[in-house]
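First to last, the protein sequences are chains A and B.
Just so it is clear: in the first sequence, position 141 is 141 by my numbering, and no numbers are missing.
Just so it is clear: in the second sequence, position 411 is 411 by my numbering, and no numbers are missing.
For the record, the hints were derived by calculation from the structure and aren't laboratory data.
Hints may be right or wrong, so weigh each one.
Distance windows between CB atoms, simulated [what the hints assert, rightly or not]: (1) B/Asn193 <-> A/Arg231: 56 to 66 Å; (2) A/Asp26 <-> B/Lys280: 34 to 44 Å; (3) B/Pro234 <-> A/Ser387: 33 to 43 Å; (4) A/Asp29 <-> B/Arg33: 39 to 49 Å.
To list a few chain B residues with every Cβ distance to chain A over 10 Å, as calculated [claimed, not checked]: (5) Glu50; (6) Ala56; (7) Ser67; (8) Glu115; (9) His225; (10) Ser387; (11) Asp400; (12) Pro431.
Cβ coordinates follow ideal geometry from the N, Cα and C atoms, glycine included.
Protein chains: 2
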Amino acid sequence: MPDKTVGVALLGCGTVGGGVVNILRDHHDTLLRRTGLDFQLRHVAVKGPEDYPPNAAQLPMTTDANSAIDDPDSHVVIELVGGITVANAFIERALRLGKPVITANKSLLALRGHELFALARQHNTCVAFEASVGGGIPIIDAVLRGLVANRIDAILGIVNGTCNFILTQMTRHAWSYDHALKEAQKQGFAEANPTLDVSGRDAAQKLAILASLAFNVRVAESDIHLEGIDRLQPDDILFAKELGYVIKLLAIAERNPNHSPATAEHSSLSLRVHPTLVHKDDVLADVAGPFNAISIYGHALGHALFYGRGAGRTPTASAVVADLVGVALGATPLTFKQLRTYPDLTPKANVLPFDQLRSRYYIRLMAHDRPGVLAQVTAALGRHAISLSAILQREGRDADHVPVVITTHAANEGAMQAALAEIDALPAIAPPTVCLRIVDPPTEFAAD
Amino acid sequence: MPDKTVGVALLGCGTVGGGVVNILRDHHDTLLRRTGLDFQLRHVAVKGPEDYPPNAAQLPMTTDANSAIDDPDSHVVIELVGGITVANAFIERALRLGKPVITANKSLLALRGHELFALARQHNTCVAFEASVGGGIPIIDAVLRGLVANRIDAILGIVNGTCNFILTQMTRHAWSYDHALKEAQKQGFAEANPTLDVSGRDAAQKLAILASLAFNVRVAESDIHLEGIDRLQPDDILFAKELGYVIKLLAIAERNPNHSPATAEHSSLSLRVHPTLVHKDDVLADVAGPFNAISIYGHALGHALFYGRGAGRTPTASAVVADLVGVALGATPLTFKQLRTYPDLTPKANVLPFDQLRSRYYIRLMAHDRPGVLAQVTAALGRHAISLSAILQREGRDADHVPVVITTHAANEGAMQAALAEIDALPAIAPPTVCLRIVDPPTEFAAD
Chain A
1 MPDKTVGVAL
11 LGCGTVGGGV
21 VNILRDHHDT
31 LLRRTGLDFQ
41 LRHVAVKGPE
51 DYPPNAAQLP
61 MTTDANSAID
71 DPDSHVVIEL
81 VGGITVANAF
91 IERALRLGKP
101 VITANKSLLA
111 LRGHELFALA
121 RQHNTCVAFE
131 ASVGGGIPII
141 DAVLRGLVAN
151 RIDAILGIVN
161 GTCNFILTQM
171 TRHAWSYDHA
181 LKEAQKQGFA
191 EANPTLDVSG
201 RDAAQKLAIL
211 ASLAFNVRVA
221 ESDIHLEGID
231 RLQPDDILFA
241 KELGYVIKLL
251 AIAERNPNHS
261 PATAEHSSLS
271 LRVHPTLVHK
281 DDVLADVAGP
291 FNAISIYGHA
301 LGHALFYGRG
311 AGRTPTASAV
321 VADLVGVALG
331 ATPLTFKQLR
341 TYPDLTPKAN
351 VLPFDQLRSR
361 YYIRLMAHDR
371 PGVLAQVTAA
381 LGRHAISLSA
391 ILQREGRDAD
401 HVPVVITTHA
411 ANEGAMQAAL
421 AEIDALPAIA
431 PPTVCLRIVD
441 PPTEFAAD
Chain B
1 MPDKTVGVAL
11 LGCGTVGGGV
21 VNILRDHHDT
31 LLRRTGLDFQ
41 LRHVAVKGPE
51 DYPPNAAQLP
61 MTTDANSAID
71 DPDSHVVIEL
81 VGGITVANAF
91 IERALRLGKP
101 VITANKSLLA
111 LRGHELFALA
121 RQHNTCVAFE
131 ASVGGGIPII
141 DAVLRGLVAN
151 RIDAILGIVN
161 GTCNFILTQM
171 TRHAWSYDHA
181 LKEAQKQGFA
191 EANPTLDVSG
201 RDAAQKLAIL
211 ASLAFNVRVA
221 ESDIHLEGID
231 RLQPDDILFA
241 KELGYVIKLL
251 AIAERNPNHS
261 PATAEHSSLS
271 LRVHPTLVHK
281 DDVLADVAGP
291 FNAISIYGHA
301 LGHALFYGRG
311 AGRTPTASAV
321 VADLVGVALG
331 ATPLTFKQLR
341 TYPDLTPKAN
351 VLPFDQLRSR
361 YYIRLMAHDR
371 PGVLAQVTAA
381 LGRHAISLSA
391 ILQREGRDAD
401 HVPVVITTHA
411 ANEGAMQAAL
421 AEIDALPAIA
431 PPTVCLRIVD
441 PPTEFAAD
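Construct the complete structure from the given sequences, taking the supplied hints into account.
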């Protein structure tokens, strides 16, 4: 005897939706035994008959999503149609009826999450969205519940499997970006139009969601400095390796460390997505292929990392169904009326202007191989108070220019950009000089 | 205005208890803002005045734990006294009063968890124990909630920071076990009497808890095959490295793969803690020093890994306070009356007898350097249907014996032990031959 029958309206039945259908069918009895919940799929709504899944005959198909939402026997609504306008309308309709909504729609949440959370609160219900970041990794739960006792100081994530797959292939096989992208497309890890992924936008949307929850403020996608992987050159991956680093596309949200503990809640945030040199001893360096991983630094927990499949049919469906159980048991964080701050993301993030970032840098310049060039370059850096950490000069492959790789100690982004402008104006330099940021491994290894 | 005042009775104020006191003091307002909960420390109970913490004057100290539990203003009881008998009495006393209990006591849970869970259910309350495994890593939450939609097929964990610290030092510096242990003790990562850790018992207790929850059966510590790290030799760490492996103490719980999906819930479990050769590309291979990490394989999620500090004052306190919030909000899994199976661990695990384990093996024998020895060894292996994967023979450092390292394809543990007995009986072999198990990396890398 079930404790409770839970009627489910599923909107959208593509890759992830199909995975949810399978879990609810194949694991119905396991879920019943584990939770006492008898999940019943009441409606599977798609746009038109052309979107019917292969097993449509066995499913309660409809093309009328609104009626599916309105049906009193639909207790929970799962939104997997994607996009902004239509998805938003479905979600708002369900929330206004007081029905909990589960969604994987990171674009919508990054854009309108704060409004949807407020609407949910207003109607005494909730939006659950574990599947929106990190696929099946229970990272939202970790941030909201597992680390609730922590002041979170930093999040560093590999949150886009397409980019990580491409970078892994470029690193392992010394492939060009174009070659690696083609391979990713062939293997199903990149879309025909890969722009959203390789530009870093997808990662920025996920970071906006994570950072909002971690820092209890509203982070917009536009708050995040964005550099993609599409201009990355194999040479830099090789040089980085020689210096002990691996290049990863990291999504980073960091509290400005120049805060006193008392003002930590209001300290400014550095928010950015860019290719990053990660030390080879950092656990993030070993996250290969399509996997995702998110490092979190909490004041009490220290460094923690959550790793797994960040996309795909069944991993994402695993997170959707976990939310379904949480929502049905009333245990999802955003259902807690007591969890007042989380759904209330009205205060906007205090964003550290990107040119005020402090970072270590990797730069590669192409220099005429003649005396005095290095002196000119180091002089330009010195004028902007940037001190060198290492220099690597190789014999050039063409007669004209040789690559010179320089890493720096911590410097100011604005100063670095000014120095780069001067360097690129030198007659002996073939611009543009490549500039990447270095993230050092955590310095934690001591006993308490 | 708080939504709810939560009175806390803290039993025990050592390392972790002191961390809890600090978080409740320093983050009182943050917790109030995030959760609406106003945590008030009502009592801090210790055995005698000699156990008073340095800041005792600022705390509601008592030596009468029973009165602290009984106080109607103590809504939640945190048990951090450790040990079995006294802790058990305190927990039972609180549960019989219907008060939720939070504990980090893995020894007690491994021994009597099923009884305490049943008692909690009977009194309509709960036991929360996130801090009992993996320190601050929210791994219990991940197993019970994040992976609720999964059939869990395997758990492989580095769950003892002391052993991992010792192994990391042995690997990095080619130190002996004794030398690395002394260093760990000096740095505060090992106890004066390290037996519980280095024997693997601590890891086995944690595995008993994790496996019980993952497989919904009762796993006793005595169900788990145990081999510690105290007899590990630096030579084997070096040979393993040459073969592409790192030696880690893994706690492993695996569903016997020879099951049909229909009988998966009743399939036998392989349960073991032993030094293991982990492929260097496996994320577990990079977990260094005192850190812990737990790999979980779910049928839907695939491979996920949870990494962080497995011990220490503030990480463990972070988990205790997360449980405090969960319990106070009624959101801890074991508070759900609907989560019927989890607290009910009456069915005993169907344990695969250790000699029926199938594994790949690493063996190192010390052989007289004369013709025909290798033929005798391979014949012994062949008689037990064990086929070789690789052989590594080095010049010996003494005239008498040279090390011969052999890795095998998957074989039966019983067959391997029988073959080893024959090998050690050969006149040309100096026993005992070292035998370690190899765990191969996940074969997942494909698109769905």
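We went through each hint and held it up to the structure:
1. B/Asn193 <-> A/Arg231: 56 to 66 Å: 58 Å, holds
2. A/Asp26 <-> B/Lys280: 34 to 44 Å: Given a distance of about 36 Å, which is inside 34 to 44 Å, the answer is holds.
3. B/Pro234 <-> A/Ser387: 33 to 43 Å: Given a distance of about 40 Å, which is inside 33 to 43 Å, the answer is holds.
4. A/Asp29 <-> B/Arg33: 39 to 49 Å: Hint holds: Cβ distance 42 Å, inside 39 to 49 Å.
5. Glu50: 22 Å, holds
6. Ala56: Holds: least Cβ distance 20 Å, greater than 10 Å.
7. Ser67: Check passes; 27 Å lies beyond 10 Å.
8. Glu115: Nearest chain A Cβ is 21 Å from B/Glu115, so the label holds.
9. His225: It holds; B/His225 is separated from chain A by about 27 Å at its closest Cβ, greater than 10 Å.
10. Ser387: 30 Å, holds
11. Asp400: Correct as stated: the minimum Cβ-Cβ distance to chain A is 40 Å, above 10 Å.
12. Pro431: 38 Å, holds
Comparing the model with each earlier hint shows no violations; every hint is respected.
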